[in-house]
Amino acid sequence: MPSSFFNQGFQRKRPSTHKLPPGQYETHDFPVLSAGPTPRIALDKWTLTLEGLVEEPKKWSWQEFNALPQQDFNPDIHCVTQWSKFDTKWRGVSLDTLLEQVRLKPDARYVMASSYGGYTTNLPLADVREGKAFIGLIYDGQPLTPEHGGPARLVVPHLYFWKSAKWITSLRFMADDEPGFWERAGYSMYGDPWKAQRYADDDE
Amino acid sequence: MSKLDWQLATVTAIRSETARVKTFTLSLPHWTPHLPGQHYTLRLTAPDGYQAERSYSVASPPEQTGEIELTVEAVEEGEVSGYLFEGVGVGDQLEVRGPIGGYFVWRSATGARPLLLVAGGSGVVPLMAVLRHRQRAGLHNPTVLLFSIRTPEDVIYQQELETLTATDPTFTLLLDYTRQAPTGWTGYHRRIDKALLAEVVGRFEASPVCYVCGPTGLVESAATALQDLGLPAEDIKTERFGPTGG
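Protein sequences, first through last, are from chains A and B.
Positions in the first sequence are counted from 1; adding 174 to them yields our numbering.
Positions in the second sequence are counted from 1; adding 21 to them yields our numbering.
These are calculated hints, taken from the structure and not from any lab test.
Heads up, a few of these hints could be off.
Some chain A residues near chain B, calculated using beta-carbon distances under 10 Å [as the list claims (entries may be wrong)]:
id, residue
1, Phe-179
2, Ser-208
3, Gly-210
4, Pro-213
5, Lys-233
6, Trp-234
7, Gln-237
8, Gln-256
9, Phe-260
10, Gly-291
11, Thr-294
12, Glu-321
13, Phe-355
14, Trp-356
15, Ala-374
Beyond 10 Å from chain B on every Cβ pair, some chain A residues (computed) [claimed, not checked]:
id, residue
16, Phe-180
17, Ala-209
18, Thr-221
19, Val-228
20, Val-276
21, Lys-279
22, Pro-317
23, Asp-366
In this text, a Cβ means the ideal position worked out from N, Cα and C, and glycines have one as well.
Please work from the sequences and hints to get the whole structure.
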């Protein structure tokens with residue numbers, strides 16, 4: 175592939191006031207991407223569990239979870255399908271808040287997020303700590319709608335948005351990395367938008 | 022070379038499907054067979070180095086070796102589709118990589134289960150790859166395409182779909198005009214809803230596998246209705262296209 179290739183006459187048409195990761199474009203919509211029908215989850219049946227390499231697993235009901243301290247966060251989000259959305263408005267619970275309630279075993283280094291509907295995605299533990307990850311409950315002032323992952327989704331804005339599992343129901347701590355749903359289908363194990371790590375072949 | 026390396030394809034044909042939709046035939050130096058439903062990513066590079074990428078479903082079947090057809094809808098103010106429509110001619114080169122996608126795909130070898138394909142607008146493109154592959158592979162599993170479009174001018178692949186209807190008794194085309202139907206139209210003329218899907222599902226003797234592709238609103242309501250009608254979630258595959266509301 176000659177690196178000097180360019181498309182004659184092509185030019186940037188939509189300048190963004192924000193810095194876009196490679197190959198991304200800015201959207202003001204909030205596109206929906208999921209592989210199947212949207213699960214509908216009754217709040218009285220909803221639970222979130224921390225499990226795997228923890229001294230004692232922890233499970234919250236919807237009511238218990240909503241009693242946890244919440245905070246606003248306003249991330250830019252980047253989808254592997256090339257759209258980026260800036261300054262989104264969320265409210266939810268930091269994963270730091272959740273991790274205060276369990277004692278992780280020393281060999282925990284990765285996390286598998288699992289969703290209602292069977293979706294999974296893997297993340298390094300370090301990437302969900304220190305203010306980097308949240309469970310989003312409120313979007314733009316309203317309860318998160320089902321098609322966007324409501325009632326609760328993981329939000330890890332510094333990675334491509336497929337890592338931000340919709341309809342989250344558990345986080346399993348692991349010693350070794352394992353691929354989740356899209357990762358098994360050939361997507362990047364890490365998914366850094368700034369390195370354009372879309373597919374496994376893009377990983378360094 | 023990996024299927025995810027970029028390669029320089031050559032445009033060998035451009036066909037207008039509707040006023041807003043064109044099919045680009047690309048000859049690939051490193052062609053690999055795709056599964057119907059997979060897509061390619063196309064990358065445009067400006068002389069100043071700026072790059073834009075978009076993903077487009079493959080419309081051609083894997084039997085069409087050495088080339089792929091990408092059917093592209095012109096998006097208003099579209100940076101990439103605008104260039105493709107106005108700046109690209111036969112003989113030009115385009116950078117692509119693929120095929121990509123492992124979920125919204127139809128594996129004909131998994132058995133001849135009946136197929137319900139539900140398309141909204143350009144959501145028909147990956148489903149056309151399914152239909153073309155099914156035809157070229159000589160399969161006759163009962164198949165229905167429920168195709169929602171706004172007006173008669175918006176029917177992509179109309180001639181080919183009508184020919185397929187006329188020649189394959191196991192294939193049924195159900196057009197659904199949401200805004201303006203042709204004069205004397207007796208078919209569907211409303212947004213796809215649960216009652217409409219119940220009628221369509223009722224045409225099948227055995228529970229079909231469903232592929233739903235189109236704008237988010239259509240996909241959400243159709244997938245939810247199909248589930249409500251008792252189809253298992255794992256038999257409902259969805260791909261959401263195009264602009265959406267929050």
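query = Does A/Val-276 really sit off the interface, with its C-beta more than 10 Å from all C-beta atoms of chain B?
reply = With a cut-off of 10 Å, A/Val-276 remains clear of chain B, as the shortest Cβ separation is near 31 Å.
query = Would the least Cβ to Cβ distance between A/Ala-209 and chain B come out above 10 Å?
reply = violated (5 Å)
Restraint satisfaction for A/Trp-234 [CB to CB of chain B, less than 10 Å] = violated (25 Å)
request  = Using Cβ atoms only, decide whether A/Thr-294 comes closer than 10 Å to chain B, and label the hint accordingly.
outcome  = violated (13 Å)
request  = Against chain B, run the beta carbon of A/Ala-374 and see if the smallest gap drops under 10 Å.
outcome  = At 8 Å from the nearest chain B Cβ, A/Ala-374 passes the 10 Å test, so the hint holds.
message = Hint A/Gly-210 vs chain B: min CB-CB distance below 10 Å?
response = Holds, because the Cβ-Cβ distance from A/Gly-210 to chain B comes to roughly 6 Å (cut-off 10 Å).
ask   = Taking C-beta pairs only, is A/Asp-366 more than 10 Å away from all of chain B?
value = Consistent with the label, A/Asp-366 stays out of reach of chain B, its closest Cβ about 16 Å off (over 10 Å).
ask   = Given A/Phe-260 was flagged as interface, is its beta-carbon under 10 Å from a beta-carbon of chain B?
value = The hint is violated - A/Phe-260 has no Cβ within 10 Å of chain B, the shortest such distance being about 14 Å.
task = Test the statement that A/Val-228 is away from the interface with chain B: the closest C-beta pair must be farther apart than 10 Å.
result = holds (30 Å)
query = Since A/Thr-221 was said not to touch the interface, does its Cβ keep a gap of more than 10 Å from each Cβ of chain B?
reply = The assertion about A/Thr-221 holds, with a minimum of 20 Å to chain B.
request  = Would you check whether A/Phe-355 satisfies its interface hint, that is, whether its CB is within less than 10 Å of any CB in chain B?
outcome  = With a closest approach of 8 Å, the A/Phe-355 hint holds.
ask   = Does A/Gln-256 pass the interface hint, meaning its C-beta sits closer than 10 Å to a C-beta of chain B?
value = holds (5 Å)
Hints 5, 6, 7, 9, 11, 16 and 17 from the list above are not met by this structure, while the remaining hints are.
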